[in-house]
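Asks: Next come the chains, spelled out residue by residue.
Number of protein chains: 2
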Amino acid sequence: MDRRKVLKGAGLAAAAATVASPAVAQTNPEIRWRMSSAYPKSLDTLYGAGEMIAKRVAAATDNKFQIQVFAAGEIVGALQTLDATQNGTIECSYTLSSFFIGKDPTFMFETSVPWGMNVRQHNAWMHYGGGLDLVREFMKDYNVYPIPAGQTGAQMGGWFRKEIKSIEDLKGLKMRIAGMGGQIMQKLGVVPQVLAAGDIYPALERGTLDAVEFSGPHDDEKLGFVKVAQYYYYPGFWEGGAQPSLYVNMGKWNELPAHYKAVLEAACAEANAMCVAKYDAQNADAIRRLVGQGVQLRPFPRDVMEQSYKEAFKLYGELAASNAKFKKVFDSWSAFREKELTWFRIAELPFDFFVNQQQGQR
Amino acid sequence: MDRRKVLKGAGLAAAAATVASPAVAQTNPEIRWRMSSAYPKSLDTLYGAGEMIAKRVAAATDNKFQIQVFAAGEIVGALQTLDATQNGTIECSYTLSSFFIGKDPTFMFETSVPWGMNVRQHNAWMHYGGGLDLVREFMKDYNVYPIPAGQTGAQMGGWFRKEIKSIEDLKGLKMRIAGMGGQIMQKLGVVPQVLAAGDIYPALERGTLDAVEFSGPHDDEKLGFVKVAQYYYYPGFWEGGAQPSLYVNMGKWNELPAHYKAVLEAACAEANAMCVAKYDAQNADAIRRLVGQGVQLRPFPRDVMEQSYKEAFKLYGELAASNAKFKKVFDSWSAFREKELTWFRIAELPFDFFVNQQQGQR
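If you're matching them up, the sequences are chains A and W in order. Residues in the first sequence are numbered consecutively from 1, following full-length UniProt numbering. Residues in the second sequence are numbered consecutively from 1, following full-length UniProt numbering.
Everything labelled a hint here was simulated from the structure, so no lab data went into it. Please read all numbers here as calculations on a predicted model, not as lab measurements. Backbone N, C-alpha and C define an ideal beta-carbon position, used for all residues, glycine too. The reader is advised that the hints may include incorrect statements.
Said to hold, decoys possible - If you anchor each label on the Cβ, the simulated ranges turn out as follows:
no.	chain 1	residue 1	chain 2	residue 2	range
1	W	306	A	166	32 to 42 Å
2	W	303	A	70	33 to 43 Å
3	A	169	W	353	15 to 25 Å
4	W	357	A	334	12 to 22 Å
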């Protein structure tokens, strides 16, 4: 290993660069950005994906392009990341488009669509089915250049204080669930609640809250819900795979030298892939521990699955009828999903189904 | 858009750089590598993944680090990529570890294990389960630093001239199938054949070959097998997801400046993710066209699936008993797989199963 030789060479280069600094500064300008993450440091995988991008960008540019990562609330809160990026308060943010469906439901497509595509299908649509182009066209109105930069995989359906045996048991249930998943669950009788993360546990304990949807086992475990709500449902059909993105202020993006753009895009693509790989490893460990702590794993009852599926696609139809931007993306998404589902029924899922059965038998 | 301003700035920098060239040359040295792909240009997705890496590396280093990609046979053939990288004939190659299981079956783990992990599970093991560290330790003996750099997803089980209704129909069947999949199919009565790609079609047409395994719909379609062998089986259980890698000569890797290493690793991670996204889009289109051309899609009969599964794990047990290197990687792989399968049975697969059923009903 020639580490010392490399370091020595770098030292000489640095000394020479001092003399010739104007030229070096022009070709590889020193750039400092701030990234506001929509996540607290405690959500180590999602917060960490932002850090991974910053580290890779610095390493790949010999520390010339540095991005400092701030946790949610340090500069702006999670729900202000779009506005702050749009108006240039910050150069970029690591955030989740589905936070902004209140501005326009079209924001949903970049993150995940309830009962939509899985991770592989979503990536195929984004990069080779025209999805990302449509998302970027839509986001131009917000002065933001989005780059896919993370992935959770399919999430869990949440923690319930009582067992849910049929759709009847959802009627009047007070559940902390946000976004479009909340809208769909509301059609099934659930009363969606808005609570900050820190308020969920005491509300569940007191029984003023009946259920909570948060993330997957790795993230959920830290919040200790198992002690106050033992039934842990799956799948989290509203997020068959949630994809956070790096939102970059359009002006800042355009000013970036072409090779820094290339570095940033590759670093985000890497974080996108590594984030879900990390979750897949971490969730597998966490679910084992949770089962050891007495969690009762339950699939959602069949009628909950079927009714939520119907309500989801009914909602998309309504949104497409009233919102031309939504319709444009939905039409592409919908056609692509149909063909992906057909293909996955052939090679991918029969492989998974069979292995799953064989493993279940042992 | 400040494109002109950026270009103007770059022009000034280039002029200044001419004066100060020694300093610039040290910090961002001009490096030229050759990458020998194990694939012909006609396999556009796999060959293209190597090109994607080269383009991204050039773009991210302002064209200072350039990698020229050569198709299989232009410098060395697919099966010589390891030797040529090991002895430094070429700096790097884009290749598939499973080509080299004749040297040591331990090479299998980096590509795919028959009836092993799917793409997500494999990535989780490689990057967050210690898999890549083990693979790199093993590859040190070959003077190669491997970087995961592509992915096919689950492949098809191949083209058969006659319908396979049970394991009995495999007895004596002459099938073009390589590697460990061939070893397992041999246990089921198949007689594996070695044929170059160009010889397959005429052999199938004449009936001197009964079946052929190649890749997935997008790649297979080009070879026109549907005209001479209409039964197209799934899943290709020997490759639930094949991962090509960039093999880098260890000396060349060590000489690379740290920021070029960072660029190359990010570019490979990006290609790894984009390759499977591209296949997932392309295969979905190709399978539709193939069905339109009269292909008969068939799942492998249950007894073929079950017996091949048994034979596969029996083989791994035998290899682990006689090969300490194999055992070391297998033990890690096997334990990780168990926990991944448990986790995927909870959130991910029930989501896929249900969506699959709903789509099938329409």
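Asks: Does each hint hold? Answer for all of them.
Replies: Hint by hint, here is what the structure shows:
1. W:306 x A:166: 32 to 42 Å: holds (36 Å)
2. W:303 x A:70: 33 to 43 Å: violated (59 Å)
3. A:169 x W:353: 15 to 25 Å: Because 22 Å falls inside the window, the suggested range holds.
4. W:357 x A:334: 12 to 22 Å: holds (18 Å)
Violated hints amount to a single one, hint 2; each of the other numbered hints is respected by the structure.
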